[in-house]
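Sequences are here, hints too, so could you generate the full structure?
In order, the protein sequence lines correspond to chains U and Z.
Numbering-wise (the UniProt record's numbering), the first sequence opens with residue 1 and increments by one.
Numbering-wise (the UniProt record's numbering), the second sequence opens with residue 1 and increments by one.
Worth double-checking, as some hints may not be accurate.
[Unchecked claim] To give an idea of the interface, some chain U residues facing chain Z are shown, with a C-beta separation under 10 Å as derived from the structure: (1) S12; (2) I74; (3) S177; (4) T334; (5) E379; (6) G418; (7) Y428; (8) M447.
Bear in mind the hints are in silico, worked out from the structure with no lab data behind them.
C-beta atoms are modelled at their ideal positions from N, C-alpha and C, and glycine is treated no differently.
2 protein chains.
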Amino acid sequence: MTEQTRFLLNESDLPKQWYNILADSPNPPAAVLNPQTLEPVTPEFMSVIFPMNLIMQEMSSERYIDIPEEVREIYKLWRPTPLIRARRLEKALGTPAHIYFKNEGVSPSGSHKPNTAVAQAYYNKIAGVKAMTTETGAGQWGSALSMACNFFDLELQVYMVKVSYDLKPYRRILMNSFGAEVYASPTDTTDYGRSVLADNPDNPGSLGIAISEAVEVAAKSGGTKKYGLGSVLNHVMIHQSVIGEECLKQMDMAGEYPDVVIGCVGGGSNFAGIAYPFIRENLKDGQRTRLLAVEPAAVPSLTKGKYAFDYGDTAKMAPVVKMYTLGHGFVPPTIHAGGLRYHGMAPSLSALYDAGLVEATTVPQKATFEAALQFAQTEGILPAPESAHAIRAAIDEALDAKEKGEKRVILFNLSGHGHFDMASYQKYMAGELQDFALPEDAINEAMAALPQVS
Amino acid sequence: MTEQTRFLLNESDLPKQWYNILADSPNPPAAVLNPQTLEPVTPEFMSVIFPMNLIMQEMSSERYIDIPEEVREIYKLWRPTPLIRARRLEKALGTPAHIYFKNEGVSPSGSHKPNTAVAQAYYNKIAGVKAMTTETGAGQWGSALSMACNFFDLELQVYMVKVSYDLKPYRRILMNSFGAEVYASPTDTTDYGRSVLADNPDNPGSLGIAISEAVEVAAKSGGTKKYGLGSVLNHVMIHQSVIGEECLKQMDMAGEYPDVVIGCVGGGSNFAGIAYPFIRENLKDGQRTRLLAVEPAAVPSLTKGKYAFDYGDTAKMAPVVKMYTLGHGFVPPTIHAGGLRYHGMAPSLSALYDAGLVEATTVPQKATFEAALQFAQTEGILPAPESAHAIRAAIDEALDAKEKGEKRVILFNLSGHGHFDMASYQKYMAGELQDFALPEDAINEAMAALPQVS
Numbered sequence: 001m002t003e004q005t006r007f008l009l010n011e012s013d014l015p016k017q018w019y020n021i022l023a024d025s026p027n028p029p030a031a032v033l034n035p036q037t038l039e040p041v042t043p044e045f046m047s048v049i050f051p052m053n054l055i056m057q058e059m060s061s062e063r064y065i066d067i068p069e070e071v072r073e074i075y076k077l078w079r080p081t082p083l084i085r086a087r088r089l090e091k092a093l094g095t096p097a098h099i100y101f102k103n104e105g106v107s108p109s110g111s112h113k114p115n116t117a118v119a120q121a122y123y124n125k126i127a128g129v130k131a132m133t134t135e136t137g138a139g140q141w142g143s144a145l146s147m148a149c150n151f152f153d154l155e156l157q158v159y160m161v162k163v164s165y166d167l168k169p170y171r172r173i174l175m176n177s178f179g180a181e182v183y184a185s186p187t188d189t190t191d192y193g194r195s196v197l198a199d200n201p202d203n204p205g206s207l208g209i210a211i212s213e214a215v216e217v218a219a220k221s222g223g224t225k226k227y228g229l230g231s232v233l234n235h236v237m238i239h240q241s242v243i244g245e246e247c248l249k250q251m252d253m254a255g256e257y258p259d260v261v262i263g264c265v266g267g268g269s270n271f272a273g274i275a276y277p278f279i280r281e282n283l284k285d286g287q288r289t290r291l292l293a294v295e296p297a298a299v300p301s302l303t304k305g306k307y308a309f310d311y312g313d314t315a316k317m318a319p320v321v322k323m324y325t326l327g328h329g330f331v332p333p334t335i336h337a338g339g340l341r342y343h344g345m346a347p348s349l350s351a352l353y354d355a356g357l358v359e360a361t362t363v364p365q366k367a368t369f370e371a372a373l374q375f376a377q378t379e380g381i382l383p384a385p386e387s388a389h390a391i392r393a394a395i396d397e398a399l400d401a402k403e404k405g406e407k408r409v410i411l412f413n414l415s416g417h418g419h420f421d422m423a424s425y426q427k428y429m430a431g432e433l434q435d436f437a438l439p440e441d442a443i444n445e446a447m448a449a450l451p452q453v454s
Numbered sequence: 001m002t003e004q005t006r007f008l009l010n011e012s013d014l015p016k017q018w019y020n021i022l023a024d025s026p027n028p029p030a031a032v033l034n035p036q037t038l039e040p041v042t043p044e045f046m047s048v049i050f051p052m053n054l055i056m057q058e059m060s061s062e063r064y065i066d067i068p069e070e071v072r073e074i075y076k077l078w079r080p081t082p083l084i085r086a087r088r089l090e091k092a093l094g095t096p097a098h099i100y101f102k103n104e105g106v107s108p109s110g111s112h113k114p115n116t117a118v119a120q121a122y123y124n125k126i127a128g129v130k131a132m133t134t135e136t137g138a139g140q141w142g143s144a145l146s147m148a149c150n151f152f153d154l155e156l157q158v159y160m161v162k163v164s165y166d167l168k169p170y171r172r173i174l175m176n177s178f179g180a181e182v183y184a185s186p187t188d189t190t191d192y193g194r195s196v197l198a199d200n201p202d203n204p205g206s207l208g209i210a211i212s213e214a215v216e217v218a219a220k221s222g223g224t225k226k227y228g229l230g231s232v233l234n235h236v237m238i239h240q241s242v243i244g245e246e247c248l249k250q251m252d253m254a255g256e257y258p259d260v261v262i263g264c265v266g267g268g269s270n271f272a273g274i275a276y277p278f279i280r281e282n283l284k285d286g287q288r289t290r291l292l293a294v295e296p297a298a299v300p301s302l303t304k305g306k307y308a309f310d311y312g313d314t315a316k317m318a319p320v321v322k323m324y325t326l327g328h329g330f331v332p333p334t335i336h337a338g339g340l341r342y343h344g345m346a347p348s349l350s351a352l353y354d355a356g357l358v359e360a361t362t363v364p365q366k367a368t369f370e371a372a373l374q375f376a377q378t379e380g381i382l383p384a385p386e387s388a389h390a391i392r393a394a395i396d397e398a399l400d401a402k403e404k405g406e407k408r409v410i411l412f413n414l415s416g417h418g419h420f421d422m423a424s425y426q427k428y429m430a431g432e433l434q435d436f437a438l439p440e441d442a443i444n445e446a447m448a449a450l451p452q453v454s
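See below:
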């Protein structure tokens, strides 16, 4: 045990390979289905919206995949990221627990998202793609892909969930400064967007709707545009594995090993990034570490959803996958963690949760912001509201350890900073944030519309 | 020469001492004068607004000053900061120059300012002070002192220049989240603020005015509140020396030595931080490195000001110091680099400039934002508009080296990120920013009101 606060790796410690949990998962992944026929998709179907190299990676069962040198060169702008022992937070809590966090907020766009954005832009570039489309919720994914497309000289159109677009104008400007075009979704520029607006002109948008618009634009581009997704799919989870691989080395530097690893979950990618390499170690050595996925009480796909085949988007254009879902028609309450407002959960994570290898819990909105401020006031860093879900759970673990008089080693992923979320903090401090009741009626209604897969 | 991109120091490399250039400066510092009598101040006069331990440090001529362990413990939350070789920018410019930058934007509040904020809060705390007052321009200093006061459990009132307060509401919220109270200056809560508003209710404010308000509140508090300044004074420059001390070690890791070191200047503290340790080396070993201070064309205190005694604030409440100044009554144009809108320059830097040990140049607003975007699009990091002045000059140096076919090693200080400056970027991209003509009439008028010191 050392007295160090930050554990830094050298550039030479940057992982050379990504880790693919499909090689180790006890549940084989379910087939991905064509949304029209509900039959297994062909690579040709997928190739309408994705380049073939990423489709092959999506379907790969190789345990390790080499990170291309061009991607590593860009990772080096901010990676390896620091692992930090939150000593001041520990002291404020009076806990015997040791709390560590991985700071993915140090990336130029402020979150873990560039780990996959850079890879996706690279693979699109070498496949000859000239332009991409995508959606964004809180704006972290859109900012990351804007930066990545800028680096590889690709055009980008971003469909940003309207409620976030209105709340976070500065995120849009950041994307613009990397040359991306940004639209408030639902828009009147796509067939699906127009149909949504016809139904309800005040629809606040959701990730499901924004995905549908971005997919539609790519699918109808005659092959000139491809679509990029910031979470859920397995190639995204693979790219995020650099987080956990670095943490393994850094915990070793700290002379400790985590009893629990925590991440917030929307689509699941930042959690997968930190957790999957630890699951691999659990599978090798026996269960040493609990993996805890934290979702908002208002969007409880793991804890209240159904493990079933469902559409990835609201318009039923994206492939159908087996996942924990609240139903593709579910429009989550407008919580201030836009990155977590997704109806489903990554299939790979869903399978691990179903197999009992991952735990899940929910936290309400106000207690999450309370934890965010406690973290800022002790560690200095104002977290993204999404990441604050992980902080809330980490604090609760530390308080539980205190009550039980246990030394517990806690590691959580600080997936991003909150510099573009100040309006939400203002509302919290003004007492204007609410906790949402579990939207049971909306969930039941959406569940009734799950596709019938034999 | 290595192929590395980022040069990281370990926690054990964090400097244990600050460097005080007064021990080495060829010009002895001029006396600091009482603003009422224009006679040299006594420590007792200064102690109305500063604690005695900081006054002693301000007047110290010790070459090295130990950094208290409590301050180093907080520095470790983000220090040592990375030195980064801007390889992608070099490539975009097609220059043979090597461009390095020190990233002070990784601090929790986003700039170099916590280097002194933490120290000032610490010294106030151990002096028994319970509450502080300060001013802020762009908000970087206010954010830093808010964080620092929060860490040491001190109350804080921040007078924020009105034009920045209006343009950057999120900076205010960040300060609030650390528990600080923030006011738009000029306010109607101080005698001086009221007199300014009586004269012109639409006064956009300036650092000089905001300083006057913060000083007035401390001076009239009957000893319960002390004032903290984010630049100009020598104890501030001393605290910032950690930047340059780290750079010396990191350039050594890179196997190079800078031909030119560049920083933007408002009051002078981030420039001093990176430059003074290199000046010490120049004085030891002979001139190896040019030191280049970059100011906005609209606030050219070094390049167009007068080296004279002047008041540090607009209301003539702060001490009179000998410095390059545009006159304490000068209200700078409302450029989008609020942190540089100060009429004077740090006395220590003014003396070095007068002695020819430092060069200065000016850059106009639009070319500065152009450089900022080129930097973001190559290196990923969106800089603060203040820091972008250093980037503009670094790019110009690199282009000059290209024209002359010279390998030149350039080091600049990226003093902060631009996450709270997005409204300014939006205006630039919309073509709404202007270059200001040199405000000669305003400068001449202000110069006529310099105090007559015999």
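Cross-check of the supplied hints:
1. Evaluation of the S12(U) hint against chain Z yields a held restraint, the C-beta minimum of about 9 Å falling below 10 Å.
2. Below 10 Å, beta-carbon pairs count as interface contacts, and I74(U) has one with chain Z at about 8 Å; its hint therefore holds.
3. This hint holds: S177(U) has a C-beta 6 Å from the nearest C-beta of chain Z, less than the 10 Å allowed.
4. For the restraint placing T334(U) at the interface with chain Z, the shortest Cβ-Cβ distance is roughly 19 Å, beyond the 10 Å limit, so the hint is violated.
5. Taking 10 Å as the C-beta cut-off, the interface hint given for E379(U) holds, the closest approach to chain Z being about 7 Å.
6. Hint on G418(U) holds. Least Cβ distance to chain Z is approximately 9 Å, under the 10 Å limit.
7. For Y428(U), the suggested interface contact is upheld, since its CB lies about 9 Å from the closest CB of chain Z, less than 10 Å.
8. Evaluation of the M447(U) hint against chain Z yields a violated restraint, the C-beta minimum of about 38 Å exceeding 10 Å.
Comparing the model with each earlier hint shows violations of hints 4 and 8; every other hint is respected.
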